[in-house]
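J.: Guided by the hints, dock chain B onto chain A, whose structure is given.
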Amino acid sequence: MPGLQVCELCKSYANKLVADHISFSVQSGEIMGFLGPNGAGKTTTIRMIMGITAPDSGKIEFLDQKSQGIPCSAIGYLPEERGLYKESKVIGILRFLAGLKGVDRNTATQRAYKWLKKFDLTAYANRKVEELSKGMAQKVQFIATVIHEPQYIILDEPFSGLDPVSQDTFKYELRALADSGVTILLSSHQMNILVELCDKIFLINHGKELFFGRITDLQDLYGSFAIKLKLKDMAEMQRLSALPTVASVVQNGQNSVELLMKEGMNPQSLLKEIPVDIGLSELSLAKTSLHEIFVKIAKEASDEK
Amino acid sequence: MKSDTLKIAKWELMRYLTNKQYLISLVITPVIIVALMAIPTLLAILDKPRETTFYIVDELGILEQLRAGIAEPHIILKEAEDIDDLPEQIYNEKASGYILIDRDFWHSGEISYYYNKLNHEELGLIRSVLNGMLGAHRMQELGLDEEELAFLKEEVKVTRNALEKAETLDKNVIVVSVVFMALVFIMIFSAGTMLMQSALQERRDRMAEIVLSSIKPASLMQGKIIGHFLLAFIQIVFWLFVSIPGVIYFLNFPVFDALQASRLGMVFFFGLGGYMLYSSIYVSIGATMDDMQSAGNTQSLAMMLPMFSILFVAPIIENPDGLVSRFASLFPLTSPMTVVIRSVFVKIPLWEILLSAVLLLASIYLISRLAAKIFRVGMLMYGKTANFGEMMRWLRYKD
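The listed protein sequences derive, respectively, from chains A and B.
Position 293 (the first sequence) corresponds to 405 in this note's numbering; numbering is contiguous.
Position 4 (the second sequence) corresponds to 769 in this note's numbering; numbering is contiguous.
Just chain A, same shape as in the assembly (with noise of 0.2 Å):
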């Protein structure tokens, strides 16, 4: 049962088409990607769901709503130009920004110090948005998106500027509210949070859809396998290379080595095919990385423009 379906959404400024025929659908529960370079029309699509820029043509859905059009108070956004208001307390943003999605203020300050203990923030509840730092701001941020319990969840590039840390809590929360069947999309250019949070992953380059599904089919259709191997003696790379499974053979640091595999091969049969004497102290199989895909594809992308 799909969360939100989005229909061939187009926008164009100044007659260049920054969102062309834009279609995915999420269902609750899952988490999707948006994921594209900069200036790809990932905030636009979202400002278009959000109510915030209209589309041109094309059809926005929240399904189970009863009322037609946007469901602002059952939406929680993250914009990606965000912030608080810089003089007033951390508490009160909270409530009066819950206030606007229809939460009473009792509900909004239990609600509102349930996640601040979460983040650990509760000793600034009283304290000024500018006594803050940028990641503490970000956490209060995150918390004004969620506290009115939100079915959808809409986050725009939520952990640019997060340290690691922080990173991780995001993803460990997004990923509990998800498992509570919220339906979340996340727009973001950094694709390791991506590979490791999401369901499904739109791809997205010049307003047009590179790829929408899952990330392993994703990898199934444009990655091939590479091997990366940590060798006793540089000497034997020769050897590598000369067997039949191996395109090529590159060399990425002091005694270690990535074979690239011609397209349609089996890794297994290039492990068979390795020399048992060569002297090996390290081994590794892993599909290409999503980055190399993302780099790749958009290349492709661009090439044929």
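Heads up, a few of these hints could be off.
No farther apart than 30 Å at their CA atoms in a straight line, the calculated lysine-lysine pairs in the DSSO-like style are these [said to hold, decoys possible]:
1. Lys198(A) / Lys775(B)
2. Lys1149(B) / Lys320(A)
3. Lys246(A) / Lys198(A)
4. Lys981(B) / Lys772(B)
5. Lys981(B) / Lys171(A)
6. Lys128(A) / Lys981(B)
7. Lys981(B) / Lys246(A)
8. Lys785(B) / Lys246(A)
9. Lys226(A) / Lys772(B)
10. Lys340(A) / Lys283(A)
11. Lys859(B) / Lys813(B)
12. Lys240(A) / Lys772(B)
Here are some chain A residues pointing at chain B (derived, C-beta under 8 Å) [said to hold, decoys possible]:
13. Cys184
14. Ile187
15. Glu193
16. Leu196
17. Lys198
18. Glu199
19. Ser200
20. Gly211
None of these hints come from the bench; they were simulated from the model.
For each residue, glycine too, the CB sits at the ideal point set by N, CA and C.
T.: What follows is chain B alone, placed relative to chain A:
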């Protein structure tokens, strides 16, 4: 939607009412205004006029009488002794000069002033005292006694009797009307500036998009306008509350009688209308800027708009029924401030007042719609100040 507007209004209100700066300025501003008005007077009192010395060559022996007549301690009259040394003496003492009152004065009525410095004002005073003395002396020579003299000197007295439907200009009503105009003006300016900053802050603090994901831009704008209206209203009520007892007690001004005589309904209607008109202009202008310093030509011009009304005050006082006055009281950008002023000096026909009101309401409707469009687009533009062309383009965006 209505409740969203009220939530924003309440937030804006509470944000300022709990802000020390606002509370301090609430109290300090009237103190500063009073100080600004009182200090020049105080300085004038403290700063005694410069002493000016005149030598008098007195051939009639009337110096003492002249001195008594002048009674200004800063004008010093000295009897001249040696006329040949006088110029030297005058330069040395930096005196003004010497006045020659010769024997023939009572008949000729002429004196001569040999000056180092002209000192018109002081000379004028001396001359008017001599005038009086000359007149009195001549009347005495004609053989008139004290009573007859007093009778001769009597001035014309005027008794004023207003006709039943007289076009009276009650001074108190003028004062109250002018004070109200000033308050409307202050309200438009101070609330307008605060509104502009509030919209600007929304952008600077990157809150616009977060807030706009919950409510409509129109609600945000209206909420801000209402919130700042209440803030300005609190400010003005506070000032009146503090100042009215003072005005009644110290100046003995019949505040309540004058209030009753003034057309308060009209003052409130046009005051409120003016606020509505200018506040939507200010708030949308705030949404087009990144900071106060980056205001472009369009923004600066829009900020100056209320000042435009001041240009019409003099023409209205001079000729309240003239073409310029009529135009000013009909034109929506000036009518909020000029109708009331004009109505003090002349009875404006009812149809003109109604036309002004209709034009004002229509402009409020039109301008607030245009402002809402600019506000909507402007709030989400980051990092740049919009120019006039861009704003015109925003007006054509569909919702």
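J.: State for each hint whether it applies.
T.: Hints, one by one, checked against the model:
1. Lys198(A) / Lys775(B): Between Lys198(A) and Lys775(B) the Cα gap is close to 18 Å, so the pair holds against 30 Å.
2. Lys1149(B) / Lys320(A): 28 Å, holds
3. Lys246(A) / Lys198(A): 12 Å, holds
4. Lys981(B) / Lys772(B): OK: Lys981(B) and Lys772(B) at ~12 Å, within 30 Å.
5. Lys981(B) / Lys171(A): Holds - the C-alpha atoms of Lys171(A) and Lys981(B) are around 20 Å apart, at most 30 Å.
6. Lys128(A) / Lys981(B): At roughly 27 Å apart (the allowed maximum being 30 Å), Lys981(B) and Lys128(A) satisfy the hint.
7. Lys981(B) / Lys246(A): 28 Å, holds
8. Lys785(B) / Lys246(A): Status holds; Cα separation ~25 Å.
9. Lys226(A) / Lys772(B): 24 Å, holds
10. Lys340(A) / Lys283(A): With Cα atoms ~29 Å apart, Lys340(A) and Lys283(A) stay inside 30 Å; holds.
11. Lys859(B) / Lys813(B): 18 Å, holds
12. Lys240(A) / Lys772(B): 21 Å, holds
13. Cys184: 5 Å, holds
14. Ile187: 7 Å, holds
15. Glu193: 5 Å, holds
16. Leu196: Since chain B brings a Cβ to about 6 Å from Leu196(A), closer than 8 Å, the hint holds.
17. Lys198: 6 Å, holds
18. Glu199: Hint holds; Glu199(A) Cβ to chain B Cβ min 7 Å, cut 8 Å.
19. Ser200: This hint holds: Ser200(A) lies near chain B, its Cβ roughly 6 Å from the closest one there, short of 8 Å.
20. Gly211: 6 Å, holds
In terms of the numbered hints stated before, the structure departs from none.
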